[in-house]
Amino acid sequence: MGMKTLYLLVPLAPLAGAILAGFFGKILGRTGSHVVTILGVTISFVLSVLIYQDVQAGNVFNGAVYTWMESGGLKLQVGFLIDPLTVLMMMVVTFVSLMVHVYTIGYMAEDPGYQRFFSYISLFTFSMLMLVMSNNFVQLFFGWEAVGLVSYLLIGFWYTRPTAIYANLKAFLVNRVGDFGFLLGIGLIAAYAGSLDYAEVFAKREQLAALTMSVTGWPLITAVCICLFIGAMGKSAQFPLHVWLPDSMEGPTPISALIHAATMVTAGIFMVSRMSPLFELSDTALSFVIVIGAITTLFMALIAIVQTDIKRVVAYSTLSQLGYMTMALGASAYSVAIFHLMTHAFFKAVLFLGAGSVIIAMHHEQDMRRMGGLRKYLPITYATMLIGAIANAGLPPFAGFFSKDSIIEAVHHAQVPGAGFAYFCALAAVFVGGLYSFRLIFFTFHGKERFREPAHDAHGHDAHHDDHGQHGPVEPHESPKVVTVPLILLSIPAIGAGWLIGTVLYGNWFGGSITIAAAHKGMATMAHEFHGVMGMMAHGVTTLPFWLAISGAATAWYLYIVRPDLPAVIKAKSGVLATILEEKYGFDRFNDWFFAGGARLLGRGLWKGGDQVLIDGVMVNGSAGAVGWISGLVGLIQSGRIYRYALGMIFGVVALLSFWRA
Amino acid sequence: MNSQLLSLAIWVPILGALPVFWIGSERRTLVRWLSLAVALAGFLVTLPLYTAFDATQAGMQFVEQSPWITRFNVQYLLGVDGISMPFILLNSFITVMVVLAGWEVIEEKQAQYMGAFLVMSGLMNGIFSALDGVLFYVFFEASLIPMYIIIGAWGGPNRVYAAIKFFLYTLLGSLLMLVALIWLFLESGGSFNILDWHQMRIGMAPQILIFIAFLVSFAVKVPMWPVHTWLPDAHVEAPTGGSVVLAAIALKLGAYGFVRFSLPIVPDASHYLAPMMIALSLIAVVYIGFVALVQTDMKKLIAYSSISHMGFVTLGFFIFNAIGVEGALVQMISHGFISAAMFLCVGVMYDRMHSRMIADYGGVVNTMPKFAALFVFFAMANSGLPATSGFVGEFMVILGAIKFNFWVGFAAATTLILGAAYTLWMVKRVVFGEVANDHVAKLTDIGAREFLVLGLLAVCVLAMGLYPFPFTEVMHASVDNLLKHVAASKL
Numbered sequence: 000m001g002m003k004t005l006y007l008l009v010p011l012a013p014l015a016g017a018i019l020a021g022f023f024g025k026i027l028g029r030t031g032s033h034v035v036t037i038l039g040v041t042i043s044f045v046l047s048v049l050i051y052q053d054v055q056a057g058n059v060f061n062g063a064v065y066t067w068m069e070s071g072g073l074k075l076q077v078g079f080l081i082d083p084l085t086v087l088m089m090m091v092v093t094f095v096s097l098m099v100h101v102y103t104i105g106y107m108a109e110d111p112g113y114q115r116f117f118s119y120i121s122l123f124t125f126s127m128l129m130l131v132m133s134n135n136f137v138q139l140f141f142g143w144e145a146v147g148l149v150s151y152l153l154i155g156f157w158y159t160r161p162t163a164i165y166a167n168l169k170a171f172l173v174n175r176v177g178d179f180g181f182l183l184g185i186g187l188i189a190a191y192a193g194s195l196d197y198a199e200v201f202a203k204r205e206q207l208a209a210l211t212m213s214v215t216g217w218p219l220i221t222a223v224c225i226c227l228f229i230g231a232m233g234k235s236a237q238f239p240l241h242v243w244l245p246d247s248m249e250g251p252t253p254i255s256a257l258i259h260a261a262t263m264v265t266a267g268i269f270m271v272s273r274m275s276p277l278f279e280l281s282d283t284a285l286s287f288v289i290v291i292g293a294i295t296t297l298f299m300a301l302i303a304i305v306q307t308d309i310k311r312v313v314a315y316s317t318l319s320q321l322g323y324m325t326m327a328l329g330a331s332a333y334s335v336a337i338f339h340l341m342t343h344a345f346f347k348a349v350l351f352l353g354a355g356s357v358i359i360a361m362h363h364e365q366d367m368r369r370m371g372g373l374r375k376y377l378p379i380t381y382a383t384m385l386i387g388a389i390a391n392a393g394l395p396p397f398a399g400f401f402s403k404d405s406i407i408e409a410v411h412h413a414q415v416p417g418a419g420f421a422y423f424c425a426l427a428a429v430f431v432g433g434l435y436s437f438r439l440i441f442f443t444f445h446g447k448e449r450f451r452e453p454a455h456d457a458h459g460h461d462a463h464h465d466d467h468g469q470h471g472p473v474e475p476h477e478s479p480k481v482v483t484v485p486l487i488l489l490s491i492p493a494i495g496a497g498w499l500i501g502t503v504l505y506g507n508w509f510g511g512s513i514t515i516a517a518a519h520k521g522m523a524t525m526a527h528e529f530h531g532v533m534g535m536m537a538h539g540v541t542t543l544p545f546w547l548a549i550s551g552a553a554t555a556w557y558l559y560i561v562r563p564d565l566p567a568v569i570k571a572k573s574g575v576l577a578t579i580l581e582e583k584y585g586f587d588r589f590n591d592w593f594f595a596g597g598a599r600l601l602g603r604g605l606w607k608g609g610d611q612v613l614i615d616g617v618m619v620n621g622s623a624g625a626v627g628w629i630s631g632l633v634g635l636i637q638s639g640r641i642y643r644y645a646l647g648m649i650f651g652v653v654a655l656l657s658f659w660r661a
Numbered sequence: 000m001n002s003q004l005l006s007l008a009i010w011v012p013i014l015g016a017l018p019v020f021w022i023g024s025e026r027r028t029l030v031r032w033l034s035l036a037v038a039l040a041g042f043l044v045t046l047p048l049y050t051a052f053d054a055t056q057a058g059m060q061f062v063e064q065s066p067w068i069t070r071f072n073v074q075y076l077l078g079v080d081g082i083s084m085p086f087i088l089l090n091s092f093i094t095v096m097v098v099l100a101g102w103e104v105i106e107e108k109q110a111q112y113m114g115a116f117l118v119m120s121g122l123m124n125g126i127f128s129a130l131d132g133v134l135f136y137v138f139f140e141a142s143l144i145p146m147y148i149i150i151g152a153w154g155g156p157n158r159v160y161a162a163i164k165f166f167l168y169t170l171l172g173s174l175l176m177l178v179a180l181i182w183l184f185l186e187s188g189g190s191f192n193i194l195d196w197h198q199m200r201i202g203m204a205p206q207i208l209i210f211i212a213f214l215v216s217f218a219v220k221v222p223m224w225p226v227h228t229w230l231p232d233a234h235v236e237a238p239t240g241g242s243v244v245l246a247a248i249a250l251k252l253g254a255y256g257f258v259r260f261s262l263p264i265v266p267d268a269s270h271y272l273a274p275m276m277i278a279l280s281l282i283a284v285v286y287i288g289f290v291a292l293v294q295t296d297m298k299k300l301i302a303y304s305s306i307s308h309m310g311f312v313t314l315g316f317f318i319f320n321a322i323g324v325e326g327a328l329v330q331m332i333s334h335g336f337i338s339a340a341m342f343l344c345v346g347v348m349y350d351r352m353h354s355r356m357i358a359d360y361g362g363v364v365n366t367m368p369k370f371a372a373l374f375v376f377f378a379m380a381n382s383g384l385p386a387t388s389g390f391v392g393e394f395m396v397i398l399g400a401i402k403f404n405f406w407v408g409f410a411a412a413t414t415l416i417l418g419a420a421y422t423l424w425m426v427k428r429v430v431f432g433e434v435a436n437d438h439v440a441k442l443t444d445i446g447a448r449e450f451l452v453l454g455l456l457a458v459c460v461l462a463m464g465l466y467p468f469p470f471t472e473v474m475h476a477s478v479d480n481l482l483k484h485v486a487a488s489k490l
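Keeping their order, the protein sequence lines are chains D and A.
Positions 0 to 661 (numbering that gives the first Met the number 0) are the ones given, in order, by the first sequence.
Positions 0 to 490 (numbering that gives the first Met the number 0) are the ones given, in order, by the second sequence.
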């Protein structure tokens, strides 16, 4: 078997699993379905590791599989680019996917849509792999939209819930807004570079950088990069296109972990890194990227503090972490962004799957106000989630510390406009991150066992999550092995993956897959200052970010362990501020009113006013009416009465004689 | 090349319809199977058009020529190039789908129903292959009659109004075309050969008049904004098969007219008036997209969606680059599959519930899971999801448009949002959710026949999305030739 066959097998194995489980799920049965899909993803994972070793040996591949279409001098092919960046993504995607597949056996055990679910997550794995393995923009866009489709299907997996089918439509449409920009970017590349193959486009990047757009007069490369980044803002849920991600929590928890935390939402980060040869040519675009990332990082983290739904806390935390990655991109630290993407994939998957484990234990209760003191009932879940939370807060020696600290450092070194603002946001968000991460742990696992209290209206709007109608006291219990084993396996890299920092960031590990302009010196400086993992930790504990995270954690400890009565007081005192956060800055309300409502109003106006009144009323029926009216007038004259004709004739003759002189 | 393939494509279904009429509707089983046999035969005779097609050649192939009305030099002249050939296959394929779709559903006068579709199929093939102006005109006008009858006889409660609106609109349009055809005949020194007209030199003023004469006729058919309002009415009243043929094939006739007549015969006027055509196309994409959003009747929604998608076709033609024109042609074929499937899906639900209103549905997936899966698939294709045919044409036209002018591309690309919004919002309200009422609770999932029809269309949509190469490959030579022709002034 040649390597190309292996490359093909990586995405096709999960696709085969998806097809089998999707179309023949009834015949295969539940066990059969999870066996074929898990087998597919396992093949994919093992092959990814093999390919990784091959790439490590220096074998980079860039080639076509088949010609998709040819038109107007543009040859569009489906093909693969296998380099360090790709193979890293392949391993992360297949590993997390495999863990989630196994976890799903436990989580979805009682769901009637069991086979369908496995089919979807395998289809997702296929799509994501096509996205990261692509060597051209068309296939990238295919993968991009295909993961969006699966996300749509999975958010709406429980299709009878009104909130789920609202959330999936919203997610799809908001993503489409991003894709709109993305497609324009691709179109500009096709128009000016005459190719949609990465290598060919990158080869022409210097010429492209010199061009301005013909109609608008904008610098081409800046327009291209900003358009592409708008796509990333949709997929990677950056402000102001972040609104879909919290609602996507309507989907089953395994997919929140796989799609809406570890992999799909990082597609934008991956894409920008892949496009580093282009982004490096436009400081304006980088500046835009870093500012958007900064806003997302801080302002989404703030919302996480006031959330009471355990999954939504993790969701807002994901938004904030995605913001960090985006800031890294803007700071030209693409490798750091990818590194954080990787560590985040592990610890965020742990947090989500852990949250799912809690939710099972609590009989589909997601409100943290009805939890507390769970650590003795769910020891494994508690331990793994604690690891996830520490990593998320960025404390050494856990994975998140290395990647997040490097991002802050990179942003500190960045020179593009807006970098100062980004640095401030990055630091502030470290404190907030420590606060919300430990708030989650303390609120859920420590303190009073609030689930023993009789249910009151604390349930709020999430009541629909409760399928089983068990509102009374519950006896929580640790989840089965299929749930805890993936948690443990994922928490290993959540602890240790950061230690690879020396290799991944400073060992020229990415080789030619990432380009950094000579003027952007941040990474070079950081490489110079890096003195091993131990050195980094030793240095880390003396710097501001570490103490900010610690004080965030300490604040959480004080508020939720020492003085659990305080949060309510603070909330009452802070008034408007709390409302703003709880309303999530009013984005949902505004979007519903302005975009959804406005579009319907406009549509109705155009339909009733344009089509029915103007076109059908005035033009179509109007011309029919005019014919009728004229014939009516003519009819008046032809009355058939002789005296009228005679009178008319007399007037006519008089008029002629009076005015017509020969 | 001496071949009778095109004549077969035209006359097999038309002559095959005669025994169907003759058998009469009392013997339903025989009528159905015979109709299916005729439709299949009609499809099979078109297959060699693709397999024996020489993609390297730009000119007409499978040409048939014999005198018809010698006094006016009118000929029975047929031929296809890479632009028209795919539509003959599409049309013959869709006819098979329509026969299958009307299998059990049509209870009254089934022989006449099936016969009318077979006749129409032959006439449509005639339109796509006629190379003589008069022959084209005869087919073009004759095809109105079966459609008029289909809407008028098997349509909904308001069918007479819709049928007459449809007939008058399209007839009035084509009268101006007749004037243009006669002018061209006189001016060319007595030729009705369309290919001769392609070579004629014409002054600017007459070019513009001819362009407008053709425009009125073709724009109504496409339909372009603002002469589109007949289409939603016609669709709403037409039986499912009528809607399918209307959307999948009849709308393509107008667009085909632009590439066969307007662009090559009056290229200077086409260039001169291109900004107007582009503006009208973009209005179709954006304005109609918003109008589609607020429809409460599924058929109307899909009808508006058709208009919006056809906006891409006219846009692609008038930006004058290869990817745009080929994208427009791809979009025409793709829309043939997808709109047919969408109307069939609505038909499936209408057969069971006798309602087209979105508000009467909700939670269909609970009782019709197989159908729901297919419906969601086609809805995604309608929203232009990559790997479905719906993506390919739109993608190509958008690329072409951005190449032409960034803002034109910008406006066209809004369909990514609008198309998804109106299609998926409908899906949300119809397919998903709790079972909305007792009627939905009593729905039965699609049977084998319905599954076959929708499944075949799904395969086409997917195949064309995953591998559009064979579709564009046959077009290259003819499109390049067309563009070269359009670029050269005729003044």
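Since the hints were derived computationally from the structure, they do not count as laboratory data.
Treat the hints with care, as some may be off.
Listed next, the in silico BS3-like pairs over lysine-lysine satisfying Cα-Cα at most 25 Å (straight line) [what the hints assert, rightly or not]:
1. K489(A) <-> K25(D)
2. K203(D) <-> K520(D)
3. K164(A) <-> K25(D)
4. K570(D) <-> K375(D)
5. K583(D) <-> K570(D)
6. K489(A) <-> K441(A)
7. K375(D) <-> K480(D)
8. K572(D) <-> K583(D)
9. K607(D) <-> K164(A)
10. K483(A) <-> K74(D)
Listing some non-contacts, in silico: residues in chain A with all C-beta distances to chain D over 10 Å [stated by the list, open to error]:
11. I22
12. E103
13. G188
14. G202
15. V364
16. A412
17. F450
18. A457
19. V458
The C-beta atom is built at its ideal place from N, Cα and C for all residues, glycine as well.
The hints, checked one at a time:
1. K489(A) <-> K25(D): Violated. K489(A) to K25(D) sits at ~65 Å, over the 25 Å cutoff.
2. K203(D) <-> K520(D): Holds. K203(D) to K520(D) sits at ~24 Å (cutoff 25 Å).
3. K164(A) <-> K25(D): violated (50 Å)
4. K570(D) <-> K375(D): Violated, because 30 Å separates the two Cα atoms, which is more than 25 Å.
5. K583(D) <-> K570(D): Holds, at about 15 Å.
6. K489(A) <-> K441(A): Measuring from Cα to Cα gives roughly 64 Å; hence the hint is violated.
7. K375(D) <-> K480(D): holds (17 Å)
8. K572(D) <-> K583(D): holds (18 Å)
9. K607(D) <-> K164(A): holds (19 Å)
10. K483(A) <-> K74(D): holds (21 Å)
11. I22: holds (39 Å)
12. E103: Correct as stated: the minimum Cβ-Cβ distance to chain D is 26 Å, above 10 Å.
13. G188: The claim stands: G188(A) keeps its Cβ more than 10 Å from every Cβ of chain D (closest is about 36 Å).
14. G202: holds (31 Å)
15. V364: About 6 Å separates V364(A) from the closest Cβ of chain D, which leaves it inside 10 Å; violated.
16. A412: violated (5 Å)
17. F450: holds (12 Å)
18. A457: holds (12 Å)
19. V458: About 13 Å separates V458(A) from the closest Cβ of chain D, which puts it past 10 Å; holds.
Hint compliance for this structure: hints 1, 3, 4, 6, 15, 16 are not met, and every other hint is.
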